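Undergrad: Here is how the chains run, residue by residue.
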Amino acid sequence: APVSAEAILSLNAEAATTWVRNFNPFAQTTSRYTTMDFIYEPLVVFNRLQGGAAHYRLAESYELADDLMSITFKLRDGLKWSDGAPFTADDVVFTFDYIKENPALDFISVWGDLTSVEKVDETSVRFNLNKPNSLIANTIVEMPIVPQHIWSEVADPVTFANESPVGSGPMTEITRFTPQVYEQCRNPHYWDNDSLFVDCIRMPQLADNQQLLGALNAGTVEWATSFVPDIDNSFVSTDPENHKYWFTPSSLVSFQLSFTAPDENNRKAFNDINFRRALSMLIDRQTIIDIAGYGYPVVNEDPSMLGELYKAFANPEVEAQFGQYGRFDFDAAIALLDEAGYVDANGDGLRDNPDGTPINIDINVPSGWTDWIDAVQIAMETLTEAGLKVSMSTPDSAVWGADLIAGNYSMTLNALASASNPYFPYRQTFNPEDFGKSRFAAPHWSDERLMDLLNTYTTIKDADQQKAIMDEIQLIVAEALPIIPVYNSPAFFEYNTKNFTGWFDADNPVASPVVSRVNRTRLLQLLALRPVE
Amino acid sequence: MTTLSDQPVLALQNVSKTFGSKENPIYAARDINFGLYPGRTLALVGESGSGKTTVARLLMREYIPDAGQLTFRGAPVQGASKASLRAYRSAVQMVFQDPFSSLNPTRTIHHHLSRPLHLHRPDLDRKGREAAIIDLLARVQLDPARVLHKFPHELSGGMRQRISIARALAVNPQVIVADEPTSMLDVSVRLGILNLLNDMKSELGLALLYITHDIATARFVAEDIMVMYAGQVVEWGDMDSVLTNPQHPYTRLLLAAVPDPDRRIDAAAPQNELARVEDIRAASARVQTEVQQIAPNHFIRKINL
Amino acid sequence: MAFLLRRLMFYLAAFLVAATINFFLPRMMPGDPIDIMFSSAGSSLTLENLNALKLTFGFIDAPLGQQYLAYLRSVFTGDLGMSIKYFPMPVSELLGRSLIWTVSLVGIATVISFILGTLLGVMAAWKRGSRFDSAVSLLAIFATSIPAVVVALLVLFVFGYELRWFPNGYAADPLIDPAFSWQYIQSVLYHGTLPLVTLVFVLTGGFLVTMRNNMINLLGEDYIVMGRAKGLAERDVMLWYAARNALLPTVSNLAIALGTVLSGSLVVEVVFNYPGLGNTLYQAILARDYPVIQGQLLIMTGAMLVANFVVDLSYVLLDPRLKKA
Amino acid sequence: MDVLKKLWQNKKVLIGLAIVGTLVLMAIFAPLLTEYSPTRRVGRPHQPPSWDHIMGTTRLGHDVFTRFLYGARTSLMVGLGAGILITVIGTFLGILAGYKGGWIDEVINFFTNMVLVVPNLPLLLVLAAFIGQVNPWVIALILGFTSWAWGVRVTRAQTLSIRERDFVKSAEMLGEPAWRIMLFEIFPNLISIVGINFIGSVIFAVITEATLEFLGLGDPNTVSWGIMLYNAQNASALVVGAWWDLLAPCFGLAVLGLGLALINFAIDEMANPRLRTGTILGRWFGLVRAGEGKL
Amino acid sequence: MTDPVLSIRNLTIDYIGQTSDFHAVKNVSFDVGRGEFFGLAGESGCGKSTIAFAVSRLHRPPALIRKGSQILLEGRDVLQLDNKGLRDFRWREVAMVFQSAMNSLNPVLTIGDQFHDVLHAHAGMTRAQSRARAAELLALVDIPAHRLDAYPHQCSGGMRQRIVIAICLALNPKLLIMDEPTTALDVVVQHEILQRINVLRKELGFSVLFITHDLGLMVQVSDRIGIMLEGELVEVGEAQTIYNAPQHPYTRRLWAAMPRLHGARLRQEAEQ
Ligand SMILES: Nc1ncnc2c1ncn2[C@@H]1O[C@H](COP(=O)(O)OP(=O)(O)OP(=O)(O)O)[C@@H](O)[C@H]1O
Ligand SMILES: Nc1ncnc2c1ncn2[C@@H]1O[C@H](COP(=O)(O)OP(=O)(O)OP(=O)(O)O)[C@@H](O)[C@H]1O
Ligand SMILES: [Mg+2]
Ligand SMILES: [Mg+2]
Ligand code: NI
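Chains as they are written, first to last, in this note's numbering: chain V, 1 to 533; chain R, 1001 to 1305; chain S, 2001 to 2325; chain P, 3001 to 3295; chain G, 4001 to 4272.
Derived from the structure by calculation, the hints contain no laboratory data. In this text the structure is predicted, and so the values were computed from the model without any measurement. Hints are not guaranteed to be accurate.
With a straight-line Cα cutoff of 30 angstroms, these simulated BS3-like cross-link-like pairs (lysine-lysine) come out [as the list claims (entries may be wrong)]:
(1) R/Lys-1082 with R/Lys-1150
(2) P/Lys-3294 with R/Lys-1150
(3) G/Lys-4026 with G/Lys-4084
(4) G/Lys-4067 with S/Lys-2127
(5) S/Lys-2127 with P/Lys-3011
(6) G/Lys-4202 with S/Lys-2127
(7) V/Lys-244 with V/Lys-311
(8) P/Lys-3005 with R/Lys-1150
(9) G/Lys-4084 with P/Lys-3294
(10) P/Lys-3005 with R/Lys-1022
(11) G/Lys-4174 with P/Lys-3294
(12) V/Lys-498 with V/Lys-244
(13) G/Lys-4026 with P/Lys-3294
(14) V/Lys-461 with V/Lys-268
(15) P/Lys-3294 with S/Lys-2127
(16) G/Lys-4067 with G/Lys-4026
(17) V/Lys-131 with V/Lys-467
(18) V/Lys-74 with V/Lys-119
(19) G/Lys-4084 with G/Lys-4067
(20) R/Lys-1302 with R/Lys-1127
(21) P/Lys-3100 with R/Lys-1082
(22) P/Lys-3169 with R/Lys-1127
(23) G/Lys-4084 with S/Lys-2127
(24) P/Lys-3294 with G/Lys-4067
(25) R/Lys-1082 with P/Lys-3005
(26) V/Lys-119 with V/Lys-131
(27) R/Lys-1150 with P/Lys-3011
(28) V/Lys-268 with V/Lys-244
(29) P/Lys-3100 with R/Lys-1022
(30) P/Lys-3005 with S/Lys-2127
Hey, can you work out the whole structure from these sequences and the hints?
TA: Okay, here's the thing in structure tokens:
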């Protein structure tokens, strides 16, 4: 049991009804969410808040070849695994060869971009690419590096639970594990032990947001990423001194129309830019944010869909030319619909296609995603008022996902994860190769010019050239308005300053402190914490 | 037991019925023989569980005999078709013991009387049926206007039993089986029912099987009597002959035990049967095939005590 | 004993039917269960990755009959597969964890409410028509007619949120390691109070009304009048003559009541986030964790069957008339 | 007739009927009782009760009272629909099994006991989840087809005892066809059991529908008390202090349940006079207290 | 009668109803002498059981024994007893046999237990003592002692009724009330039991209040008879007197309606 003198930080990164001892870093959905970063440290951490700046961790540097066809990572000297064994380039090569042999482990499909991985010397590894890619480092560092001397013995890495992990990160020792709580403590061989002031992290099991809120208020969780209703009243007010939060804009939530909708009449309307623009102007984004989102999200009225999150990349032309289509303007929308011929053809009080065929929009939302359901219900109010026939269906999330992948829906609300560069969301959404494979490409809309630009973007090193390409991409998207941005949902971050200081916040925006498992910079936050004596 | 020259309407011939399992059989009826004659009443007496109701049910074809046969007007009634079953049903009717449970508490008297007419008198139209109902009620001495639309619980026990009889009569039966029809009634109304049955018998020429454990009432209504014990008829014949000259020990035992206001219970009379209850019972329960004739119309099963 | 043997046969048959339904249920539903199974992995896995995973898990399309046989075999060997959500935990272990909580929660709640309801019912019937009877039976009607959800939410609201007397989740303080220590037991009791109170509230009324009605029906029986005529103390007649006999139909109803108890406990567990079977089932349903759902239904049915059998056994013990048979 | 008169004299029935009647009227005349629509925002989120919104507003800004009224419609209709279905199936199978006996009885009885043994709610939960996005009617249907067992059991037991009564025998001996005996001779004697079964099933259906919806397995498009509970719970109504959001549907369910339970209790008393108390015992206690007599 | 064991005076019992009361027993007075076999006859529902219950004060609501009624047992008014007094009085002074043998024994207790609870409650006997006493009592009614371990359902109807009688005699009561004790039995057993009661009565000297609707039986066993009609006692007298020379028309009607085993099938008066 932990001694009281130790600095123990309680955090919650996942909701669960019981803890299962699984620290397999390749099992993304089933291993504990504190596996990445805390047990398996990344080579490099890219900081989205600082324009993608690199924080070198296990690697002390990396070098992209001039032809962008390979990248070489240089590891720090004297790195050790938590069992004391040396951490070398062999482990890196082993890991990548390992996931090539076991494709089920390659959860980021990194081998889609690689041709081979080779050891240059004891501390250097070169990754050879199959095409030029200036952003490949972002992908490669997402893959955890595992110790060869352990994993080469593992019979079935897919089902391996890795109950007592040997890792490279700061918190590798599992000192306690019960279905209700587990603790990870300091790695005795951690290379950066001097910067680490937290001795242990403790993860109490919490099943849902309500419980988590209780734990936050009770002080039994000090670092959390969870939706909290009416946070000023329900959390901050219970201890204004120490209870704090900082929400930063994150994934983009947008209304999406299927350009390949099964209903022919709907398809006609959806393929008409005027209809899409009118639809966009009918969405009362602020009300949705205020009511469905408790005011937490950041409105996204950017027709090029970048918004506040990628402010640094924004092209001012977009706002000037197409800005009005991203904003709620009921009258303008009505006018546009009327003008484009979307009027009531058969006297049922509902707008029809210009050719008189009926439009019948069914908005799909996964069942149980209540904030989205609320958002849709609010949107439906204005859409209905404008004379459109809309309804809502709430299929099971799996069915919903499958429908989105297949483009087999009429309208939906969809989310797109944030990234360090807008290149990623654009590519995820508009790459025709992903149609039928990924729900992020749900609209099934693409554009040749756009794809050309995206393809060249990663082959260019020059920043100005990149900016010019990004500017043009934005204009193309904003003009076509293939998706209707609504808001960027916040990355939730609640914390307690009673026992630890050094939290990142609006005044100290070093990096995103969100403790979710997809945020690599949570490692930086952990290292920045200092116990209050 | 063909004591009378003319043919019985309904007869059981060597009928047996056994219940229970192979290892543990209950002989409810054993080699029963008797016939029912128009205008005559046969009383079936015996203690509880002796098999009286089983006999009634055999007659009503609710039970199928394990052995022997049931004859109706001399012809065996067996595996009958639907039509002949219906004919049989309209010829043989039953009056039950408990006047409350034999009438459906949720239906009016009218229903109880019109259903049998519906089923067995297809010749009648609505009017005819109504007339027939009135007629039936008059027959059992009830005022149609007062009872027709009442529910059973609104009538007294005697009235209910009259309804039961009227219902049985509705189908124009030739045989009526009455299973303890008065045992649940008050003393003062019992007689009315018994008289009614007697009248029916003579007026309509019905054959009547009267089942009871009360020998005194049996004597009141029946010409013939059968005494049953453990599924066997142990003594049978002319009522007076049997009662005045009982030969079978069990019959004597039964007669000795019947409450008799003319005899004090402590007047420990020559009731030697009552002193040997267990012996008599055990002996009477044994199967006996041999029959002994006492008088022209008086028989017993032989018994060894 | 023949009675018990017959019941045993019934339970076996019932279990088989339940297991069969359980097998076909997901297969009758639209959609590929395998795809749905991995939907929780959905967004972060690529399609290739998913297919690779499926292969690794050995999801090959076998003929239905073959699948069914394999399923039956695994059911009877207690191998319920592995949870998708809590991979690689075997379903049996996952359920085993929650089973303890449900069994104790449901068990204690049933015992308490049974005793409480029965006693109150006995007393109400004995003093039929008195103020006590009116008050108690009215309360009972009230308690039985309110949905368990409503009771649970209200209890949680009042005692968990407003008064803050009791915790609003968990079966025990997570910081205390499970052990046979007073501290842990105390914590378990403390955490179990609200769910228990809710269940007891919901259940007691039913037992009370049944017992009261059974009792009243018995009070006219000759043997009870004889008990009173014997000059025994009222309480003895009430307990040993009336209640003892009125208990028999109540006990045979207990088996059916257990289904209600289990349903009630599901809701209560969800509301109070109690880590029992009901909550596990609920979470599994939300996550479409097929193996867990299937295993869960089977275990619940099995538990019901066992409980029923226990009830049958105790019935035989309570009713001397059955012993001979 | 007689039955109705007896019912009318029962205080419990009167209160129960008053409660249920009020709710039914409120549901029927919902559009007259409120100016709002149950699915449109009419105010700011989570406003406490006021003159404009006598039960406050929901997180989305819907009027709680309006949703309460329209929700009553759903609850009542599902309760009635499922109740009828459950009762019809249960009564039919119960009479059939009880009267026919033999293998029909064996089969029906086996499945009845079987269904009784499978815990109901978990099964419903799984069914609802598999079917997905179930609207109240589907819920009523599933309820109807999974919850008849209790009805069969009591009906069968009662039929078994009625079958032994002489009036059934006498109908048989008259040659009444079996269906007529079941329908016209036995069924009328089961009215109170059927009534209890029906009301009990309605209570069960109302509760279960609300529970399923509360657990998130309902269709969020519907306006019902269960969905209200679900939404309130999701909006953390308790945590943020919007008690009215949660209490309104709770109140509805509790009151409806109570009303129906009172009616059920009264039918029970009617069917079984021994259970009756009320005025008679009141008078009795009064006389004893007045020294008019003793036991 | 000089020294009655039981004297009932002006007994009035109502069943309280919703609006009006049902007068089940109307101002009934009679005595039962020491060692006497007193028969109370009358048709179903005339109030016989109601009187029997009142004597042991076994009524439950809504029955109400009206004020002014007196039930004197050896001069002591039973209606004035308090709870404790009542408990002591019951069974010690008045024991009771009920109508149905099937139902008057508690089905879940052994015969021995049912002896024991009486003997324990009133005489404070231990199990062993009560067992010995119970065996003695069973011997009186010709039942072997090993039956003490049996449950009621394991005994036949007649046996059960004899067991009940044995239990009744446990405390040597002064009065034994028998409310249609043999209705469910067949005549042979009935005869046997009544004869035994008669013998025991003579041996032990208790009085019997015997209730039945079987008039023949009544006359056969009783010393004196009371005839009831709709809550009223219409005629009381020596059994033979009432049988041979009934005064009240109702009594006469009753006799008239009774078929006979010997002689004329009905008495002459029968031909209405
Ligand atoms: N359906 C049945 N199944 C099994 N045993 C039966 C059945 N019917 C009657 N018996 C048994 O057969 C025997 C004769 O019964 P039955 O009813 O004919 O007697 P009973 O003379 O009519 O008696 P009671 O005077 O009590 O009506 C009894 O031992 C009874 O238990
Ligand atoms: N609990 C009661 N409530 C109302 N009326 C009752 C109650 N008990 C008995 N009665 C009525 O009181 C009258 C006398 O009943 P009691 O039981 O004393 O009759 P009885 O002479 O013993 O009849 P039986 O020969 O049928 O036993 C009956 O008319 C009966 O309907
Ligand atoms: Mg019989
Ligand atoms: Mg009586
Ligand atoms: Ni008799």
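Undergrad: Would you mind marking each hint as holding or not holding in the structure?
TA: Against the structure, the hints:
Simply put, R/Lys-1082 and R/Lys-1150 have alpha-carbon atoms about 33 angstroms apart, too far for the 30 angstroms limit, and the pair is violated. Pair hint P/Lys-3294 plus R/Lys-1150 does not hold up; C-alpha atoms about 37 angstroms apart against a cutoff of 30 angstroms. For the given pair, G/Lys-4026 sits about 29 angstroms from G/Lys-4084 by alpha-carbon distance, which is consistent with the 30 angstroms threshold. Straight-line distance between C-alpha atoms of G/Lys-4067 and S/Lys-2127 comes to about 23 angstroms, which keeps the hinted pair within the 30 angstroms bound.
Proximity of S/Lys-2127 to P/Lys-3011 is assessed by CA-CA distance (about 20 angstroms); at most 30 angstroms being required, the pair is judged to hold. Pair hint G/Lys-4202 plus S/Lys-2127 does not hold up; C-alpha atoms about 41 angstroms apart against a cutoff of 30 angstroms. Taking the CA atoms of V/Lys-244 and V/Lys-311, the gap is about 25 angstroms. The hint holds against a cut of 30 angstroms. A distance of roughly 16 angstroms separates the Cα atoms of P/Lys-3005 and R/Lys-1150; the hinted pair therefore holds under the 30 angstroms criterion.
Distance hint between G/Lys-4084 and P/Lys-3294 is fulfilled; the C-alpha atoms sit about 16 angstroms from each other, no more than 30 angstroms. For the suggested pair P/Lys-3005 and R/Lys-1022, the alpha carbons sit about 54 angstroms apart, so the restraint of at most 30 angstroms is broken. Of the supplied pair hints, the one linking G/Lys-4174 and P/Lys-3294 holds, its CA atoms being roughly 24 angstroms apart against a limit of 30 angstroms. A hinted pair counts as satisfied when its Cα atoms are at most 30 angstroms apart, and V/Lys-498 with V/Lys-244 qualifies at roughly 10 angstroms.
Between G/Lys-4026 and P/Lys-3294 the CA atoms are separated by roughly 15 angstroms; this keeps the pair inside 30 angstroms, and the hint holds. Of the supplied pair hints, the one linking V/Lys-461 and V/Lys-268 is violated, its CA atoms being roughly 41 angstroms apart against a limit of 30 angstroms. Straight-line distance between C-alpha atoms of P/Lys-3294 and S/Lys-2127 comes to about 15 angstroms, which keeps the hinted pair within the 30 angstroms bound. About 12 angstroms separates the Cα atoms of G/Lys-4067 and G/Lys-4026, which keeps this hinted pair within 30 angstroms; it holds.
Simply put, V/Lys-131 and V/Lys-467 have alpha-carbon atoms about 21 angstroms apart, close enough for the 30 angstroms limit, and the pair holds. Taken as a hint, the V/Lys-74 and V/Lys-119 pair is honoured in the structure, with Cα atoms around 10 angstroms apart against an allowance of 30 angstroms. Proximity of G/Lys-4084 to G/Lys-4067 is assessed by CA-CA distance (about 21 angstroms); at most 30 angstroms being required, the pair is judged to hold. With a CA separation close to 57 angstroms, the supplied pair R/Lys-1302 and R/Lys-1127 exceeds the 30 angstroms bound.
In summary, the hint linking P/Lys-3100 to R/Lys-1082 is supported, as the alpha carbons are separated by about 19 angstroms, within the 30 angstroms threshold. Taken as a hint, the P/Lys-3169 and R/Lys-1127 pair is honoured in the structure, with Cα atoms around 28 angstroms apart against an allowance of 30 angstroms. Taken as a hint, the G/Lys-4084 and S/Lys-2127 pair is honoured in the structure, with Cα atoms around 19 angstroms apart against an allowance of 30 angstroms. Restraint check for P/Lys-3294 and G/Lys-4067: satisfied, since their Cα atoms lie roughly 7 angstroms apart, inside the 30 angstroms limit.
Among the hinted pairs, R/Lys-1082 with P/Lys-3005 is inconsistent with the structure: their alpha-carbon atoms are about 44 angstroms apart, more than 30 angstroms. Between V/Lys-119 and V/Lys-131 the alpha-carbon distance is near 20 angstroms, which keeps this suggested pair within the 30 angstroms criterion. Taking the CA atoms of R/Lys-1150 and P/Lys-3011, the gap is near 28 angstroms; set against the 30 angstroms cutoff, the hint holds. Proximity of V/Lys-268 to V/Lys-244 is assessed by CA-CA distance (about 49 angstroms); at most 30 angstroms being required, the pair is judged violated.
This hinted pair checks out: P/Lys-3100 and R/Lys-1022 have alpha carbons roughly 25 angstroms apart, not beyond 30 angstroms. The suggested pairing of P/Lys-3005 with S/Lys-2127 holds, with an alpha-carbon distance near 27 angstroms, which does not exceed 30 angstroms.
In summary, the structure is inconsistent with hints 1, 2, 6, 10, 14, 20, 25, 28 from the numbered list given earlier, while agreeing with the others.
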